[in-house]
Structure formats: structure tokens, C-alpha cells
Amino acid sequence: MNDKYIVSPAPHFHDKTTTKNVMWNVVLALTPALVFAVYYWGFKSLLLTLLGAVSAMVTEALIQKFRKVPITISDGSAFLTGMLLAYNINAGAPWWIPVLGAAFAIAVGKQVFGGLGNNPVNPALLGRAFLLASWPTIMTSGWVKPKSGSLSGITDLDAIALNLQSLSPKAYDLVTGATPLKVAQTLRDSSFVSSIITNTDQGVDLANRIFTNLTDLSAIKNLFWGNIGGCIGEVSVFALLLGAAYLLYKNIIEWRIPLYYIGTVFVLSFFLAPLKGSGFSPLLPFFHIFSGGLILGAFFMATDYTTTPITKNGRIIFAIGCGILTMVIRLYGGYPEGVSYSILFMNVLTPLIDKLTMPKAFGWVKK
Amino acid sequence: MRLKTFPGGVHPPDEKKYSASVPIVDIPIPQKVTIHLSQHIGSPSKPIVSVGDEVLTGQKIAESTGFVSLNQHSSISGKVTAIGNFANATGSNSMAIQITGDGLDKWIELTDEPNFIDLPLEEMKKRIGEAGICGMGGAGFPTLVKLSPPDDKPIDTVILNGVECEPYLTSDHRLMLEKTAEIVLGMKLIMKILGAQKGMIGIEANKPDAIAKMQEITKNEPAIKVVPLQLRYPQGAEKQLIYAATKRKVPAGGLPMAVGVVVQNVATAFAIYEAIRYQKPLVQRVITVTGSPVVSPKNIMARIGTPLSELIEFCGGTSEEVGKVICGGPMMGFALPSLEATIGKGSGGLVLLNKKAASLNEEGNCLRCARCVDVCPMNLVPCMIVSAIKYNNLDLAVKSGLNDCIKCGACAYVCPAQIRLVQYIDTGKIRYAETKQAKK
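From first to last, the protein sequence lines are chains P and B. For what it's worth, this note's numbering labels the leading residue of the first sequence as 8, then goes sequentially. For what it's worth, this note's numbering labels the leading residue of the second sequence as 583, then goes sequentially.
Everything labelled a hint here was simulated from the structure, so no lab data went into it. Certain hints may be false.
[What the hints assert, rightly or not] Some chain P residues near chain B, calculated using beta-carbon distances under 8 Å:
hint	residue
1	Y12
2	I13
3	P16
4	A17
5	D22
6	T25
7	V29
8	G122
9	G124
10	Y312
11	I317
12	T318
13	P366
14	A368
15	G370
16	W371
No experiment lies behind these values; they were computed from the predicted model shown. Ideal Cβ positions, reconstructed from N, Cα and C, are used throughout, including at glycine.
Make the full structure from the sequences, and use the hints.
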């Protein structure tokens, strides 16, 4: 009798999902956003993305070689981290920004903790936080105008005021030089509003008109297609949703986190934003959902496996927490955008959330 | 109508196409059989024959050694040629009685009770115990124990398990098609013994012919209902089946009788019918021999103790190189090192996988993706149990549900990092038992 058969514990069947195809599928799902970025800003956005990805893979390989552990860059997780990091910088950034950011993300965000599956916070977001703290000017200004669009998403400046440029150079600079969330934040600043025009009453009126145009249907359309200023991978809601639909269909991400995250932002922007007094618009919730990095964050970062809760209820708590923090930072914080910090913050709370939401076994009875 | 099911679970390819339409055939009586003394849960049986003794088919050769134990019978007539360690259907060796046949297949005397349905309950139970019947779905729990609930646990519902949710296997399916009336009679006997008013037959929706046939034969039986179930693994796990059919939750750590239910496999019901009517011991069963390397997959009525190699030969041998031999189904069955082993009372299938299907992927780091959490039918957090075991924290493992795990393998099936969760959990269960033993 031959003893050549493989002996292993059950189950002897496995579905086709592997770490590798999960990671590369996420990369694939992120590609439409890159296509849009190349369309709006040219091939430099592709170059920056590749630099980020390659830097992440090289860093991972070097550290793994140094740690004398198997080199696992083919699993795609380092590529994905580098890609996501690059998606969080603007198309006008110098080439070394994604290189340094991705290297930091992998080295300090992932490998020091033992590599894949062991990092407490999302490495790409940690890399972004590192860049934002070290080179704030590069990270928050110098936005590149998208092809045939404007930074703030307001395309028809005359709709705000006849000849805005000569009426108020300050207001003109704002709507042509800042991203939508920055415009919204600036408009909430009463000292700014009172200084856009010599006559204060007119200033308030002008600010209201700018806000109305910032959140009207044509501006929301620009947000949806991504025809605005912003980071490479975050602008096109359409492209990101395309990728997200693919991941949901492939059962790679789960619906709870994006739904509760975006839902919380929707509800809070409906009630909280008008309270902060920058005028009301029926489309305001959509403005908050489509602008900044929310869609990218909710579908691609807050769904990161390692740094989010494993329990079903935990994921809901996590997502609601992200939504609240995002809106609090956007409306009350010093930064115009709060997605990345809110996710980082909730990442840190993840072990606690898991602990508090451990499910009871089927048929559990109180003893 | 939405089909009934349970929360969680996975949907592996069912692969029943190889053998689902092949009627049950008898395999020629084997020359030698080995009857294992431990084919069931509980204490091993004690041999009552010695080497050299002549035995008849159906003759008792080992007897039960307690309440949770079983009688064993010779499945052929011949001479006892050895009592010792032989390869068993779970991949290891254990004590067994080897019988070399005389080729005559001389049976013990069987009866045919015309009014078997009206036999006294005690006589029925005695016959079941005599016949050495255990659960034939795989776990092998002695049937008599299940049919003797304590007085404070009244049973109102009997569920027949015809789910057969393991991929590849079709032995229960064929039995339901070919022995429909006998299975239903077996079920009525079980209901009578337990005093249960309701009977349900759970069948997965991928067996519409079996569902139709069961419905046809039970249409004048208001107490018996056929329950079609959604195609989902592990639909046939006892607690999941009970929940799907009755919405009752068996308490964690408890038995189905706690919610007034007893579940029996369809093959067991058939064996019970034969035991009570003919006083026929459990010496044969249907086993599906299947998988892509098998030349002509079959559902075989085989004697207990038949060597697996003879089953493969009977199916025309193999057409490609075999990578893995599984006794049972691919989700919970045992991989065997060779074809030396013989079939036991719980062996419903012999599945061969080719080299490609058998290849193992390397285990990676846990990503905390929580796919295992989403599919666990017991609502546990498998990855947490496993990491607790890896770091030798048995307390945390138990708190995370180590002892509630039914080892269905749904978690390991979906794990993208290819972590063999069931193996770790098994290790944990053994270690836990050891520490408990040490504390005593």
C-alpha cells in the first residue's frame, strides 16, 4: 500500500479567496479613481501613485530582509498601502512626498509592529498624518486646478456676483483657490466674512450666495465626477463608487462600515451643519458626503481589515464614531477635513470596541 | 416561499453531480473485514469472540461496555483471524476484530415481525440496542442514548436529518429516494418511542426529487412535515437544523432534548426500521465513492469493515493521480494516509481529490478580516479563539467560545490567510481537556 496521500485536518475544501487576491482586487477597485486623476491632472498623478506604491514595496522588502523573514511584497498589501497614501496627497506635490510618506507608512505604520495583520492603525493614514505634520504647506495648499474645472467646484463665478473679481478680490481668491471644504470652513469664519467687502451687511449676503453656489446642483455634480481640487484619489465619487460596488459584489468589503459611516455624516450634516451658521442648503448632506475624502475613507480605509473591529456590532460602533468625529472636525476643528484623523482615532479604539462587543454564542444562556 | 435556514454559514460548490443520479448498488462480499471496537462516541466495545472462532453474518462479536457504548457485529460469515490494531476511518489505528470470510455469507436468523409498529416500547429499544446502531451521519452517537431522554425532558418533535450538506456526498440522498417508505416507518418508530407528536424531515433544496418523494409518501401523515431547506453549509449540523426547522435554539453546552427535539439521520432511521422489524443488526450502510479521480462514482451498499481499496476497485479504479483520500465529506471528513482503512458505521462517503484540489496553500498572517466571524454558524469569533490558543491563553479561548465550536470548518473554508482554524481549535479542545483532567 502506498502512503503518498496528503494528510491534513478538515476542511479539505477552500474557497478561492486568498490574501493576495483580496489585496490586488482592492488595487483593481481603486484604479478607476486613478483614471479620473490622470484625466484631470495628467500623468503626474499616475507617477506619484506609482512612486508611492514602489516606495512601499521596496521599504517592506528591505525591512523583511533585515528582519530575516520571508519577503511577502507579492501579496499586494504594501502596494495597496503605497497607493492609498499617494491617493491622499495632491497632484501638485513634489515627487519625494509619496516616496517618504509610503516609506514611513510601511516602516513605522506596519513593519515595526510585525507586519501584515499586526498594525494598530491604518498605515497609509499614518503616513499621511506624518506628511501633514512635517510638510503642512505642501499638504494643504498648492492644489492643482482640474482640467476644465475649478478648485471649489463652483464653475460659474458670475452666478455668485456680477464680476466677483473686482467686487471682492478676497472672495474671488477663496472660490478659485481653495477646495470645497476649505471654502465652507472659511465661510464659517465671521471675521473673514466681515472683511470680504467693506460693507459688512453685503459681506454676509455675499458669503451666503457663495455658500448657495458651493452646494447647488451644478457644484454637487462637479463633486460627483471629481471636477474639483483635492487629493489624487479622493475627488471622483463616481470612480470610487464604481470600485466600491465591485468590492461589495466580490464580498471583499462588508456593507456595515461604509453605510453607517456615510449615514452618520449624512444625518449630522443635515442637523449640525446649519447650526454652525453658514446657511442651509437642501443638498448640504450630499456636499458633505461627496467632498473631501469621505467616500475614499468610508469604502477603502475604514474597511481596512486589520485596524477595524472584527465583531459585527463593533463595526457599526466604529463607523458611527468615524462619522461623528469627521463632522466634528469639519465643523468645529482647525482642519477643513477630518476623515483621516477620525479613522486613525477610531483605529486606536478598535481593540476596546472588540472587547466590549464580543458576541454571545448561538444558544447562549445566562449562567 | 423563502427557504428556511440558520444564521451564518457558507456555500461551497456542492459537487454532487458525480453520483447523485447513480442508484445504490451492492458490492460483492469482501474477503476480509475489520470491525472496529470504537466506531462511535463513548467507551469502546469489548470483544466476545476469540481468534479462531467461527462467526455468522450479523453475529454479535463485541458488546457494549456501558450506557454510552455500542454492540458490534460481524458483517460477513467466516472465522475471526485477528484482534488487534488496524487502520480506521479517521486516519489512525485502533483495536478491531478481523474476520476472514468463508464466502458463504451465512446470516444469523432474522425475524419478520408483522406488527412491528405495535411492539412494546421496551422491546423496540432493546432491539435498537442489540443491533448496535449509532448516528450514521458521522459523529456516531449511540442511538439508544438519544432515544432514552430523562423523564423531565419531554420530546415533542423528531427531526430526520436528510440535509446532507457536505459537498460530494449523495448516500443519504439515494437512500431517501430508494428506501423512502422504510425511512418514514423508521421515523414513526422513533416518534413512538419518544412519544413525540410532530415529525419533520429536513432536506436541502438541491435534492428536489427527494423532497417530492418524501412529500408524496407523507401526504396522508398530518404529523409529519417535509421541510425544504436553503442550500447552505452546515445546514445539517444538529443545532443549525433544529433552528432552521423549528426556530428553537439549543442552549450552548446543552443537548437538543433541552428544547424537546431529537434529531436522527435518515440512514439511522432506516437502520432502526430494520432492527425493529427484522432484528437485523447494523452490518451494512450506503457509502458514496466519488471525486474527480474515480472512474465511475457510485453509491454503494457495503458491509461495515469493507476495505476502502475494494470500494475504489469496484468503482473502476482511478483515472488520474490521487492527492487526497477523505473518509466522510470534504468539510469535516478525515484525510487518510492510505486506502488500508475499512469503513465504519459513520462513513457516508469516500471522496478522492486529485493532486491539484488537494494541494495546500501556505498559511499567512491573520488579517483580522472577520470573514470567519461572519460565517460562524455558532456566532463565535474564530480568529480570536485561535490567537488565544496560539498564545496558550486557554481561559480567553474558552471565553471566546472554544467549547461551543462545532468544528464545521466554515471559518477555515473562507479564511484568506489559509489559517487552519479547525486544527488550532482542535488542539485547544484537547489541551483544555488535559488541563481539566490534571485539575481533578
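Now for the hints, and whether the structure bears them out:
A least Cβ separation of about 5 Å between Y12 (chain P) and chain B falls short of the 8 Å threshold, and the interface hint therefore holds. For I13 (chain P), the interface hint holds, the least distance from its beta-carbon to any beta-carbon of chain B being 5 Å, beneath 8 Å. Restraint check, P16 (chain P) versus chain B: the minimum CB separation of about 4 Å is within 8 Å; hint holds. For A17 (chain P), the suggested interface contact is upheld, since its CB lies about 5 Å from the closest CB of chain B, less than 8 Å.
Taking 8 Å as the C-beta contact cut-off toward chain B, the hint placing D22 (chain P) at the interface holds, the least distance being around 6 Å. About 5 Å separates the beta-carbon of T25 (chain P) from the nearest beta-carbon of chain B, less than 8 Å, and the hint is met. A cut of 8 Å between beta carbons decides the hint on V29 (chain P): the least distance to chain B is about 5 Å, and the hint holds. At a threshold of 8 Å, the smallest CB-CB gap from G122 (chain P) to chain B is about 7 Å, leaving the interface hint in force.
A cut of 8 Å between beta carbons decides the hint on G124 (chain P): the least distance to chain B is about 4 Å, and the hint holds. Using the Cβ-Cβ criterion of 8 Å, the hint placing Y312 (chain P) at the interface with chain B is satisfied: the shortest such distance is roughly 4 Å. With a least beta-carbon distance of about 4 Å to chain B, the hint placing I317 (chain P) at the interface is held under the 8 Å criterion. A least Cβ separation of about 7 Å between T318 (chain P) and chain B falls short of the 8 Å threshold, and the interface hint therefore holds.
Taking 8 Å as the C-beta contact cut-off toward chain B, the hint placing P366 (chain P) at the interface holds, the least distance being around 5 Å. The criterion of a C-beta within 8 Å of any C-beta in chain B is met by A368 (chain P), whose closest approach is roughly 4 Å, and the hint holds. Restraint check, G370 (chain P) versus chain B: the minimum CB separation of about 4 Å is within 8 Å; hint holds. The interface hint given for W371 (chain P) holds, since its Cβ lies 5 Å from the closest Cβ of chain B, which is under the 8 Å cut-off.
Violation of the numbered hints given earlier is absent; every hint is satisfied by the structure.
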